[in-house]
Amino acid sequence: MIDRGDPADRDRWARLRFAIIGPLLAAPPAKGQLQTILRELSSRTWQHPVTNLPVRFGLSTLERWYHAARRARQDPFAALKTRVRADAGRYRALSPRLIAALHAQYRDHPRWSIKLHYDNLRALLNDAEPFPSYSTVRSYCRTSGLRKLPNRGGVAASGQWFAQREIRSFEAEAVNGLWHLDFHQCSRSVLTKKATWVKPVALCIIDDRSRLICHVQWAWSETTKELVHGFTQALMRRGLPRSLLTDNGAAMIAKEFTNGLETLGITHTTTLPRAPYQNGKQEAIWGRIEGRLIAMLDNVRELDLDLLNRATHAWVELEYHQTRHDELGCSPLERYRSGLDVGRECPSADSLRRAFRIEVTRTQRLSDGTVGLDGRRFEVPSQFGHVERLQLRYARWDLSCVDLVDPRSGAVLGPLYPLDKTANATGERRVRANASVTAPALPRQGEMAPLLKKLLTDFAATGLPPPYLSDDAEDPES
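Quick note: the sequence shown uses our numbering, first residue 1, plus one each step.
It is worth saying that the hints were derived from the structure and are not from the lab.
Any given hint could be a false lead.
Derived DSBU-like pairs: lysine-lysine, alpha-carbon spacing no greater than 35 Å straight-line [unchecked claim]:
hint, residue 1, residue 2
1, K421, K453
2, K199, K81
3, K255, K199
4, K225, K193
5, K281, K225
Let's have the full structure, built from the sequences with the hints guiding it.
Shown next as structure tokens:
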């Protein structure tokens with residue numbers, strides 16, 4: 001067995017050759033004595049530098065080594081190293097037609113084994129030419145990078161990106177520089193208040209550099225509402241990160257969530273389709289949660305969501321954060337505290353609530369000054385009664401906080417409240433904010449419109465008689 005600390009094969013061969021030829025270079029033989037000395041050396045038994053078995057070398061071999069070292073005056077040791085063959089990397093047994101067929105077959109079936117490729121190539125070419133051995137085809141596939149691709153849940157459907165890009169591990173340079181986020185469905189069923197068994201989902205946010213769990217919480221469903229609810233708690237506990245990496249789930253790419261990240265100055269990056277390994281640090285957490293936390297709850301029969309959340313937070317704070325991480329060499333909490341922190345201060349809870357919303361445009365009903373939004377009608381303040389198209393900002397799960405927004409600057413003009421028909425039934429009405437401008441003035445009696453007065457004057461100036469005949473009838477009221 002070869003020790004891993006030994007030098008490469010070329011260096012071991014060079015050492016053996018130099019040990020045999022070196023004395024001849026130090027004390028050159030007399031004229032006519034070289035063949036005698038080499039013949040004596042060829043009769044000896046030497047230890048093979050790779051297999052450690054006994055081996056002998058011929059006279060011509062030793063003579064070739066001697067002259068190669070003698071010609072290399074500056075570095076005879078390098079001259080005795082094993083040289084790379086001139087035809088290295090070439091496969092003379094593989095014809096260009098066979099190589100082209102192999103590459104075409106690999107493009108169509110990258111997850112086939114090399115043996116399956118070999119058998120199909122043999123059937124495809126139908127013995128039209130001398131076919132190489134399986135070991136030759138396998139060696140060519142390995143040196144050409146035609147390895148069997150692992151099944152990563154539909155990698156081939158993601159296009160040629162995976163074939164053209166390397167897969168590398170990464171880590172952020174600073175704490176709070178990058179967060180990971182994902183949902184996970186629990187393997188245990190939880191009893192609900194409606195006496196049904198449901199498997200809850202966990203939202204977990206971790207810091208990339210320290211692997212610290214910023215926040216984890218179990219909920220009934222994977223929705224944008226639950227995502228925003230859990231993510232805002234992580235922000236209030238750990239501060240604002242610089243970037244966030246998630247998958248392409250419906251909740252992660254919802255407009256409320258992405259708009260909130262933009263408002264807070266957090267760069268949002270999503271993994272490639274069908275590439276969960278890019279979020280591998282987050283995926284590894286689920287194994288710890290299922291293997292340790294959920295396993296300790298096996299005998300808890302009446303497990304509800306509240307108990308599951310309390311047990312999860314106790315396990316995270318007192319075990320996971322305190323346990324040494326093999327890759328980090330310390331606990332996640334120690335790594336988080338000792339690393340460079342690039343996070344920012346978290347704004348108020350109300351600011352976070354108003355950040356994760358969407359903007360829509362709705363038409364105001366001018367007859368009663370209301371606007372429709374998700375099946376509900378909201379009253380528009382009278383000072384905006386002249387605006388037909390209104391820009392509204394709200395979250396689809398929270399219609400209690402709807403703001404009217406200036407479409408030019410994005411500034412909030414004021415809140416909108418739902419229409420209260422019961423309160424309006426009292427008959428009390430507020431005075432319009434701009435009543436002095438919008439209220440019509442009372443018409444003045446006996447005054448004709450300016451346009452009609454001008455038309456009469458112009459017609460009289462023509463001198464034409466009136467185009468009608470008067471019947472000289474008396475006024476019926478006289």
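Notebook entry, point to check: When you check the alpha-carbon spacing of K281 and K225, does it fall within 35 Å?
Noted result: With a Cα-Cα distance of about 24 Å, the restraint between K281 and K225 holds, given a limit of 35 Å.
Next item on the list: Given the hint that K225 pairs with K193, test it: the Cα-Cα distance must not exceed 35 Å.
Entry: 20 Å, holds
Next item on the list: Below or equal to 35 Å on CA atoms is what counts here, so check K255 against K199.
Entry: Given pair K255, K199 holds - Cα atoms ~27 Å apart, limit 35 Å.
Margin query: Hint check: K199 vs K81, CA-CA at most 35 Å. Holds or violated?
Written below: Between K199 and K81 the Cα gap is close to 65 Å, so the pair fails against 35 Å, i.e. violated.
Next item on the list: Mind checking the alpha carbons of K421 and K453 for me, to see if they're no more than 35 Å apart?
Entry: This hinted pair is violated, its Cα atoms lying about 48 Å apart.
Going down the numbered hints, you'll see the structure goes against 1 and 2, while the others check out.
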